[in-house]
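Here the protein sequences line up with chains W and V, keeping their order. Residue 1 is where the first sequence starts when you use the numbering used here, and the numbers rise one by one after that. Residue 112 is where the second sequence starts when you use the numbering used here, and the numbers rise one by one after that.
In case anyone wonders, no lab produced these hints; they're calculated from the structure. Just so you know, not all the hints are guaranteed correct.
Heads up, simulated SDA-like pairs for lysine to any residue below, C-alpha to C-alpha not over 20 Å straight-line [unchecked claim]:
| id | chain 1 | residue 1 | chain 2 | residue 2 |
| --- | --- | --- | --- | --- |
| 1 | W | Lys62 | V | His342 |
| 2 | W | Lys62 | V | Lys355 |
| 3 | V | Lys308 | V | Asp296 |
| 4 | V | Lys308 | V | His342 |
| 5 | V | Lys638 | V | Met408 |
| 6 | V | Lys797 | V | Gln719 |
| 7 | V | Lys797 | V | Pro663 |
| 8 | W | Lys62 | V | Lys638 |
| 9 | W | Lys62 | V | Ser803 |
| 10 | W | Lys62 | V | Glu136 |
| 11 | V | Lys236 | V | Lys355 |
| 12 | W | Lys62 | V | Ala933 |
| 13 | W | Lys62 | V | Val875 |
| 14 | V | Lys797 | V | Lys677 |
| 15 | W | Lys62 | V | Arg133 |
| 16 | W | Lys62 | V | Ala915 |
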Amino acid sequence: MADLLPGTLDMLILRTLTLAEMHGYAIAQHIARVSNDALQIEKGSLYPALERLQRSGWVVSKWAQSPTGRRARYYRITASGRRALGDEVSAFKATYDAVARVLSARLKSET
Amino acid sequence: MSFLDAARYRLRALFRPGAADREREEEFALHNSLAEADHAHATGDTSDAPHAARRDFGNVTYMKEETRWTGPMRWLDPIGQDVRYGWRALRRSPVFLIVAVLSLGIGTGANAVIFGAIHSLVLTKVGVPNADELRILLNAPDGVLRAFFSPSEEVALRAARGGELASFRAQRVRGAEVNGVPLADPVVDAVDGPFFKVLDVRAAAGRLFDESESRDGVPIAVVSHRFATAHFVTPAAAIGKTVKIDGAPFTIIGVTRPEYEGLSFGASYTMAVPATALAAGRARDNRGPGTFLVTRMRRDSAQVRASLEAVFNACCANGELAGGATSGNRRLGFLDISHGVNEGKKVDVRARYSNPLLALMAGVAVLLLIACTNVGNLLMARATARSREIAVRLSLGASRGRLVRQLFVEALLLAGCGGLAGLLLALWGSALLSRNLPVGMENLGPFLTLRMGAPVLWFTAAVAFACALVFGVVPALRATRRGVAAGLRDDRGARRTPRIERGIVALQVGLALVLMSSAGLLVATLKHLAESVGGSNPETLLVVQLDARGTPHSDTALHLAVPTLKARFEAIPGVQSVAESYVVPLIYGGLPTNVLDLAGFEQLDDAQAEVAAFPVSPGYFATLGVNVIAGRDFNERDVIGTQRVVVISENLAQQFFPGRNPVGEVIGFRGAGRGLQIVGVVGDAKQTDLRSPAPRTVYLASAQATDFGDRAVFAVRTTADPTIVIPAARAAILAELPRIGIRHLHPMSDLLSITVARERTMAVLSIAFGLLAVLLAAIGLYGVMAFQVSARTREIGVRMALGASQTQVIRMVLGQALALVAIGVAVGVPLAFVGARSLRALLYGVTPFDPLPLAIGAAVLVAVGTIASLVPSRSAARVDPLIAIRAD
Chain W
1 MADLLPGTLD MLILRTLTLA EMHGYAIAQH IARVSNDALQ IEKGSLYPAL ERLQRSGWVV
61 SKWAQSPTGR RARYYRITAS GRRALGDEVS AFKATYDAVA RVLSARLKSE T
Chain V
112 MSFLDAARYR LRALFRPGAA DREREEEFAL HNSLAEADHA HATGDTSDAP HAARRDFGNV
172 TYMKEETRWT GPMRWLDPIG QDVRYGWRAL RRSPVFLIVA VLSLGIGTGA NAVIFGAIHS
232 LVLTKVGVPN ADELRILLNA PDGVLRAFFS PSEEVALRAA RGGELASFRA QRVRGAEVNG
292 VPLADPVVDA VDGPFFKVLD VRAAAGRLFD ESESRDGVPI AVVSHRFATA HFVTPAAAIG
352 KTVKIDGAPF TIIGVTRPEY EGLSFGASYT MAVPATALAA GRARDNRGPG TFLVTRMRRD
412 SAQVRASLEA VFNACCANGE LAGGATSGNR RLGFLDISHG VNEGKKVDVR ARYSNPLLAL
472 MAGVAVLLLI ACTNVGNLLM ARATARSREI AVRLSLGASR GRLVRQLFVE ALLLAGCGGL
532 AGLLLALWGS ALLSRNLPVG MENLGPFLTL RMGAPVLWFT AAVAFACALV FGVVPALRAT
592 RRGVAAGLRD DRGARRTPRI ERGIVALQVG LALVLMSSAG LLVATLKHLA ESVGGSNPET
652 LLVVQLDARG TPHSDTALHL AVPTLKARFE AIPGVQSVAE SYVVPLIYGG LPTNVLDLAG
712 FEQLDDAQAE VAAFPVSPGY FATLGVNVIA GRDFNERDVI GTQRVVVISE NLAQQFFPGR
772 NPVGEVIGFR GAGRGLQIVG VVGDAKQTDL RSPAPRTVYL ASAQATDFGD RAVFAVRTTA
832 DPTIVIPAAR AAILAELPRI GIRHLHPMSD LLSITVARER TMAVLSIAFG LLAVLLAAIG
892 LYGVMAFQVS ARTREIGVRM ALGASQTQVI RMVLGQALAL VAIGVAVGVP LAFVGARSLR
952 ALLYGVTPFD PLPLAIGAAV LVAVGTIASL VPSRSAARVD PLIAIRAD
């Protein structure tokens, strides 16, 4: 996966969890699928991020049976997590727009 | 609630680190197997699936570390690790562990016991809201605690205070029972007025009685929480039950909250009843001493005070005291009772013991400091021994901070173990101590029993932490200061006993000197006090006090039996002489006084002319060993009908008859006329308190006395140990007065030791502390010297190879040890003076700057220091130069 902007991974995870409770692998799969495999979340980034989100109280987890019958840890976004997601998304949008403006300006000058 | 979720998560991780690890493993395993399955599905190849998945996954261990070491609480995790590691390290050297924990335990334990006593004796307040506002009313002529108010005065004052004034009297009641079971002397508060309203006490169950119920004498009782739970399990179950006082039933209507334990200092109340509901005999008592008027002084205190004083001055200031004694210039006073009222006529335990306890606290603190420095020295030696380990860890990339923390955690562990051991020792020790208090100090018992409450626990925890700071930080910093290279090279030549360790030993010696010299001062005090009693040879004097109160014998019967008893005592083999008196020497309270009246001294006010005055029989002075300085003793002709005669004490003669012979002069007592002729002057003798100077005394002739009183005292001089005479004396008493109360039948030396029990206990404890301190300092000195000798083996070998003799080597090592002791003594002398100055209030007959205890302490330290360094110096002398030089 290409380097993400700092904080982006947290945002992606939070966004994914707004759809449903899911376990870590499902989160990674979902992000990969939705991004057409452009965003492959390494497990080495995913689980520390989930740990971090839990410490912040934005995500909570519980152990439950997965459909295949194995025990899996399911993550759920909390109300404060949803608020944080809103903040992050707007912050990201602002950054994204700024970056886009810079890039497009340069592109124009090149042409 | 994000912070709650977050906190729950962190706490879980903190308390169940193992579980979190396992769950992480499980989560990763699931992830792996799902990824494997997907991989297999995508490629159709299953053989390489696990490896491929793991390649995807990356370094599992690294990742686990990463997931663990994130977040703001991460510093707590490695501390758990530090604790486990430290514990392993400590367990590897059990002797060190035991010595350190034990010495710290003794130190913290002693601190906990003394702090517990101080806390319950000095710091604890009455369990009511805003206890600082509580006051009792005094009518104090000269600031003396006198609180007798007549019923009419009480009514007037209560009216002036408008429902904010109540009275109570705490008394121990015999013959109370509950459920048919007699109670062991419960404390019954007989109250009147709006008592519970003034105190602002609330009920834990039921209700508390109010002013009208206490006025009407309804037979109801409010009991303490402790009593209710002891006899009825729950407070609620006590409501409606009956307690009997003097056979009369009282219905329990309420239970107070557990924090309220009554107003009496040192004795928890059992129940409170309306004073008017008590039996007539007790009700009359309720006007006597020990009845207190209690009120609150809030911000309006100046106003309240003024209005009460106005009322009092108008109605009562010149009235009669209860009991008929006239009262001059009574003034209203207010006494802060936020710590409780001292019970009746008893000794004021708080005043008597708070100073000694504070001194002991200082002593045990110094002791603990010495113990700490010893452990610190041990830790430092350990750190030196572990320098290679530390160097290896540093070279492997451990940060210095981490290592310092690791070593400090070890110190904390030690201190924690020491604190726990201390608490156990304190529990055991305080129970032992309060059960085995010397005669005369029993009333300290309840305060010494350690109450394992929050204050004591916090104090101990704080002490343990402070200990760890004292002995843990410096060794930890020092151990990690040496560079990696130096630590790994481990060159022996560089190892010298660092200055800091020698400094610590010197400090220990100094502190030990402080404790030793303080102990010396207290021992000297004890000796001077014991010698200061007037008279001589208390070992062969038997004191007998008989009491007719509460017995079938009347006062007259007792008085009439006195001559017969005297004859019976004299007939006992081993008895030299018998005298009769009125006062038991050295027993608190009850010294009769009167106001002297004599020509030329009429202008003195009553207090200045107050002297002790009591009757004694012929032979009293000889029997007690009081010298007759001038004139004569009483004799058989001094009886009623002849000239009334007195003998006066020397200090009285010096004050009132300076420079002339008082024999033949006539004196008297104010209000009774002059007419007492002085026939003799005797030496001064102490009567109540050894610390106060002997009272000026007028001895009256017992045969001329008209007021016999309800007690009789005999002084019996024996030729040998007076305890041999005791059975015969008892038999003689019972033959004459079969049911008389025998208050005292003791050798005078016993009374003396009761009187100096506090001082003796202080002396014994301070000597024990002093010796412990010396022992610890000796151990410290031994450690440093032994280390120094072993570190300098090669140097010593060289010296010997160059011709130094064994004696010279021994002298060199001893000289260095004694130099340390000398530095310590030099440091200790000013410290000892500071300590002695703060002891001043406890001393008697010695000045704080007495050089003798210091000299003795220094001599003991030099002797012990020499002994402690003999072993290292001998091993230095046994160094074989050939081996030593080749060693490295």
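Hint check results:
no. : hint                   : result
1   : Lys62/W with His342/V  : violated (50 Å)
2   : Lys62/W with Lys355/V  : violated (63 Å)
3   : Lys308/V with Asp296/V : violated (27 Å)
4   : Lys308/V with His342/V : violated (26 Å)
5   : Lys638/V with Met408/V : violated (46 Å)
6   : Lys797/V with Gln719/V : holds (19 Å)
7   : Lys797/V with Pro663/V : violated (33 Å)
8   : Lys62/W with Lys638/V  : violated (76 Å)
9   : Lys62/W with Ser803/V  : violated (77 Å)
10  : Lys62/W with Glu136/V  : holds (15 Å)
11  : Lys236/V with Lys355/V : violated (30 Å)
12  : Lys62/W with Ala933/V  : violated (69 Å)
13  : Lys62/W with Val875/V  : violated (64 Å)
14  : Lys797/V with Lys677/V : violated (24 Å)
15  : Lys62/W with Arg133/V  : holds (14 Å)
16  : Lys62/W with Ala915/V  : violated (79 Å)
Violation of the numbered hints given earlier is confined to hints 1, 2, 3, 4, 5, 7, 8, 9, 11, 12, 13, 14, 16; the remaining hints are satisfied by the structure.
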